[in-house]
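Trainee: Here are the chains, one letter per residue:
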Amino acid sequence: MRKPIITLLTDFGIKDPYVASMKGVILNINPQCTLIDITHHVNPHDIQEGAFLLAKTYSYFPKGTIHLAVVDPGVGGARKPILLVTQNYLFVGPDNGLFTLVAKRERVKQVIDLTNKKYFLPQISTTFHGRDIFAPVAAYLSLGIPPSNFGEKLDHRVKLNLKEPVLRGKKLFGEIVLIDHFGNLISNIDQPRFTNFAKCYPFVIRIGEKAISNIKKGYWEGKKQETIALFGSGEFLEISINEGNAQRVLKVKKGEPITIII
Amino acid sequence: MRKPIITLLTDFGIKDPYVASMKGVILNINPQCTLIDITHHVNPHDIQEGAFLLAKTYSYFPKGTIHLAVVDPGVGGARKPILLVTQNYLFVGPDNGLFTLVAKRERVKQVIDLTNKKYFLPQISTTFHGRDIFAPVAAYLSLGIPPSNFGEKLDHRVKLNLKEPVLRGKKLFGEIVLIDHFGNLISNIDQPRFTNFAKCYPFVIRIGEKAISNIKKGYWEGKKQETIALFGSGEFLEISINEGNAQRVLKVKKGEPITIII
Amino acid sequence: MRKPIITLLTDFGIKDPYVASMKGVILNINPQCTLIDITHHVNPHDIQEGAFLLAKTYSYFPKGTIHLAVVDPGVGGARKPILLVTQNYLFVGPDNGLFTLVAKRERVKQVIDLTNKKYFLPQISTTFHGRDIFAPVAAYLSLGIPPSNFGEKLDHRVKLNLKEPVLRGKKLFGEIVLIDHFGNLISNIDQPRFTNFAKCYPFVIRIGEKAISNIKKGYWEGKKQETIALFGSGEFLEISINEGNAQRVLKVKKGEPITIII
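From first to last, the protein sequence lines stand for chains A, B and C. In terms of the numbering used here, the first sequence opens at residue 830 and continues consecutively. In terms of the numbering used here, the second sequence opens at residue 830 and continues consecutively. In terms of the numbering used here, the third sequence opens at residue 830 and continues consecutively.
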């Protein structure tokens, strides 16, 4: 049998030992797991960013991987803990919209309301369900316990209202949704949507004061310090500076409008 | 047999490859180990913070786990390298008080002065015993080498003078000992001590200019941006702002007094 | 058989899920790998720093370890993806000089130009060869695929012009090449070179306004806050402040000159 893999995505940071507690709980139940960090640096409480980063990454893992995701500002309150079973993966976390994007890309087979306390830690805090509920559930799943043992099926999930690009006449209005470690500005305009809109017409991409009128194939096509546009590794339109930092140079924040004009 | 687990807690940070060198040394001796990071972001040289974070976390791991902890400002000097054997775990690191808190919670069976050079790297630097002594000792322990092989028993250990809350009449004086990634202010007042002191009397919690007169069950009970008090996942009294950052709003540092008045 | 080990060194940081994507790709091909992070905090695009950190660390890992290193400002352009086979290790990454230092220390058996697309992801982006080429190649290597299957032999490799210390009469001119998490200032002057130069003569080490005239054996020999010189765990001359931060106190940056005068 393949060694089970559990990934972890949280907004806990890595200074505190919160993530390590979750890993201890998992290894206590199933010491054979391979544990892989996706990121623990989702902006605190930013469910949308968590949803986006998870959707960018989950599908690179082997089928059957258990993805444990905890960005959970409502911990201990009314929001439900859930298990999302898709054709290829298992997702464990809070029902607050964190799985909105993966559920768009994967065929969802069922959603389980996690209620069976047999699979929780004996004592459940009101502030750390990552350790007390989600980690043990993921660990028991990795032992092969069937999803239906963890609780009843749910008909509804909470879904995020994600900002989609807006088309008005000859303009496509998007925004910067993520800024990476290199300062690359990643927009919510994906390649199919761009191509469908711009077709073969000449176009201008406007962000702040900058206007860019072509798409590069890679960073290396830019001259040093030139501001360029390209489709990044996640297939979204990205503004970048070759061997530079577009965020610092253009002084752009998340939410900055980006407009394509034909 | 269960795969042996070694955890690592240091103040080395993760930019430099110091932690990776330790992991390389361990895997060279026992490639079957599972290696788990607790944290590498203990404040540099802050033995008390290291002791606190280790005590918060070690018990979530399976019995038999080897906890390797290196916050070691006296490296290469007179302080001894030790192995602490408790009923449930093995702890490896410098004898500078780092294990003060775990030794209060675990039944200590023996303390070994690590002197047997057979289990060290062949060359021992004066600046990096994490790599040259502690990592190989942890790796050999994970192979099942008995503790007594590593050196003689010690009768004394260095102990930290930890700041405990002080009771004076109708006031309990504590302090903030840890501030987490979310800006939650964690005090040294634990739930049993609080309950024993406050019983059913009305009380006020004072921190800086703020006065709080009740305890919430979870973050979600606070209104957005409200300053609340609650017992966090480690069972210590914690000051928090729902979906906000108490550290930034209250401008509080580690060591800030917190007082309970009945 | 030993479990194969793959290490990862990049300039990707850990906020973004780039490293996790690479790990997912590897585990998809070989779920039995042990994955160890060396660092992901190489300064963005700083090939020389990457080369230095890799050279400091690779040899602590078991023979046969596959070292995957990606500091790759020219990704998608003309630079070749390569596999460097040495007597003890396998190195996978871009041919941009990143392996200059390890190739000086290891006996290089062959260099392979990675051209066989059978061992790449089916779709290759122009911006993320770490995920699309280097990760799958490392994973297939860990399954035992022989190096020659991945492409043709190369006669030339790109080599960095590394700044070496310069000797002029009674002065040895070096520079600070790395500053670690503790603020220790690490120079490019190694112990053999220093000893060969200074022999038994009295000497002065000059950095900024400071003059130091002896070498300590360890940090503990310095008084609190004293600026000292010593040979660190990597055997390079290092300027340090006992329980302090030399970078902050001396206000020194990478590239700062350090001079030994006899």
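Worth flagging that the hints you see were computed from the coordinates, not collected in a lab. Treat each hint with caution, since some may be false.
Pairs count within a copy or across copies, as identical chains cannot be separated in the list.
Said to hold, decoys possible - Cross-link-like lysine-lysine pairs, in silico, DSSO-like; alpha carbons within 27 Å at most:
id: 1; residue 1: Lys946; residue 2: Lys1046
id: 2; residue 1: Lys832; residue 2: Lys1045
id: 3; residue 1: Lys1083; residue 2: Lys1053
id: 4; residue 1: Lys909; residue 2: Lys988
id: 5; residue 1: Lys1052; residue 2: Lys947
id: 6; residue 1: Lys1082; residue 2: Lys844
id: 7; residue 1: Lys1083; residue 2: Lys992
id: 8; residue 1: Lys992; residue 2: Lys1053
id: 9; residue 1: Lys832; residue 2: Lys892
id: 10; residue 1: Lys892; residue 2: Lys844
id: 11; residue 1: Lys909; residue 2: Lys1045
id: 12; residue 1: Lys844; residue 2: Lys1053
id: 13; residue 1: Lys1000; residue 2: Lys1083
id: 14; residue 1: Lys1052; residue 2: Lys988
id: 15; residue 1: Lys1083; residue 2: Lys1052
id: 16; residue 1: Lys933; residue 2: Lys1039
id: 17; residue 1: Lys1052; residue 2: Lys909
id: 18; residue 1: Lys947; residue 2: Lys832
id: 19; residue 1: Lys844; residue 2: Lys988
id: 20; residue 1: Lys938; residue 2: Lys1052
id: 21; residue 1: Lys1053; residue 2: Lys1082
id: 22; residue 1: Lys1046; residue 2: Lys1080
id: 23; residue 1: Lys1028; residue 2: Lys844
id: 24; residue 1: Lys1083; residue 2: Lys982
id: 25; residue 1: Lys1083; residue 2: Lys938
id: 26; residue 1: Lys1046; residue 2: Lys892
id: 27; residue 1: Lys832; residue 2: Lys999
Here the structure is a predicted model, which is why all the values come from computation and not from measurement.
Trainee: Work down the list of hints and note, for each, if the structure agrees.
Mentor: Hints versus structure:
1. For a Cα distance limit of 27 Å, the shortest separation of Lys946 from Lys1046 across copies, 19 Å, qualifies, whereas the shortest one inside one copy, 52 Å, does not.
2. With identical chains, the CA atoms of Lys832 and Lys1045 are never at most 27 Å apart, being 41 Å at best within one copy and 41 Å at best between copies.
3. Proximity of Lys1083 and Lys1053 under a CA criterion of 27 Å is satisfied in both settings, with 24 Å inside one chain copy and 22 Å between copies.
4. In this assembly of identical chains, the alpha carbons of Lys909 and Lys988 lie at most 27 Å apart only when taken from the same copy (13 Å versus 44 Å across copies).
5. Taking identical chains as interchangeable, the C-alpha atoms of Lys1052 and Lys947 are never at most 27 Å apart, the minima being 60 Å within one chain and 32 Å between chains.
6. Taking CA atoms no more than 27 Å apart as the test, Lys1082 paired with Lys844 passes in both settings, with 25 Å inside one copy and 16 Å between copies.
7. Taking the closest pair of Cα atoms, Lys1083 and Lys992 come within 27 Å of each other only inside a single copy of the chain (12 Å); across copies the shortest separation is 39 Å, beyond that limit.
8. For the homomeric pair Lys992 and Lys1053, the shortest alpha-carbon distance between copies (23 Å) is at most 27 Å, but the shortest distance inside one copy (33 Å) is not.
9. Proximity of Lys832 to Lys892 under the C-alpha cut-off of 27 Å is found in both arrangements, the shortest distances being 12 Å within a copy and 22 Å between copies.
10. Taking the shortest alpha-carbon separations for Lys892 and Lys844, only the inter-copy value of 24 Å comes in at or below 27 Å, while the best intra-copy value is 31 Å.
11. Proximity of Lys909 and Lys1045 under a CA criterion of 27 Å is satisfied inter-copy only: 20 Å between copies versus 45 Å inside one chain copy.
12. For a Cα distance limit of 27 Å, the shortest separation of Lys844 from Lys1053 across copies, 25 Å, qualifies, whereas the shortest one inside one copy, 36 Å, does not.
13. Within a single copy, Lys1000 and Lys1083 get their C-alpha atoms as close as 20 Å, which meets the 27 Å cut-off; across copies the closest is 47 Å, which misses it.
14. Taking CA atoms no more than 27 Å apart as the test, Lys1052 paired with Lys988 passes between copies only; the shortest distance there is 23 Å, against 42 Å inside one copy.
15. Proximity of Lys1083 and Lys1052 under a CA criterion of 27 Å is satisfied in both settings, with 25 Å inside one chain copy and 26 Å between copies.
16. Taking the shortest alpha-carbon separations for Lys933 and Lys1039, neither the intra-copy value of 33 Å nor the inter-copy value of 45 Å comes in at or below 27 Å.
17. Taking the shortest Cα distances, Lys1052 and Lys909 sit within 27 Å of each other only across copies (20 Å), while inside one copy they are farther apart (51 Å).
18. Taking the shortest alpha-carbon separations for Lys947 and Lys832, both the intra-copy value of 24 Å and the inter-copy value of 25 Å come in at or below 27 Å.
19. Within a single copy, Lys844 and Lys988 get their C-alpha atoms only as close as 31 Å, which misses the 27 Å cut-off; across copies the closest is 24 Å, which meets it.
20. In this assembly of identical chains, Lys938 and Lys1052 lie within 27 Å of each other by CA distance neither inside one copy nor across copies; the values are 48 Å within and 36 Å between.
21. Taking identical chains as interchangeable, the C-alpha atoms of Lys1053 and Lys1082 lie at most 27 Å apart whether they share a chain (23 Å) or sit on different chains (24 Å).
22. In this homomeric assembly, Lys1046 and Lys1080 come within 27 Å of each other (Cα to Cα) only inside a single copy, at 24 Å, whereas the closest approach across copies is 41 Å.
23. When the C-alpha separation of Lys1028 and Lys844 is checked against a cutoff of 27 Å, the pair qualifies neither within a copy, at 48 Å, nor between copies, at 34 Å.
24. For the homomeric pair Lys1083 and Lys982, neither the shortest alpha-carbon distance inside one copy (36 Å) nor that between copies (46 Å) is at most 27 Å.
25. In this assembly of identical chains, Lys1083 and Lys938 lie within 27 Å of each other by CA distance neither inside one copy nor across copies; the values are 34 Å within and 48 Å between.
26. Taking the shortest alpha-carbon separations for Lys1046 and Lys892, neither the intra-copy value of 31 Å nor the inter-copy value of 39 Å comes in at or below 27 Å.
27. Neither within a single protomer nor between protomers do Lys832 and Lys999 lie at most 27 Å apart by alpha-carbon distance, with minima of 52 Å and 57 Å respectively.
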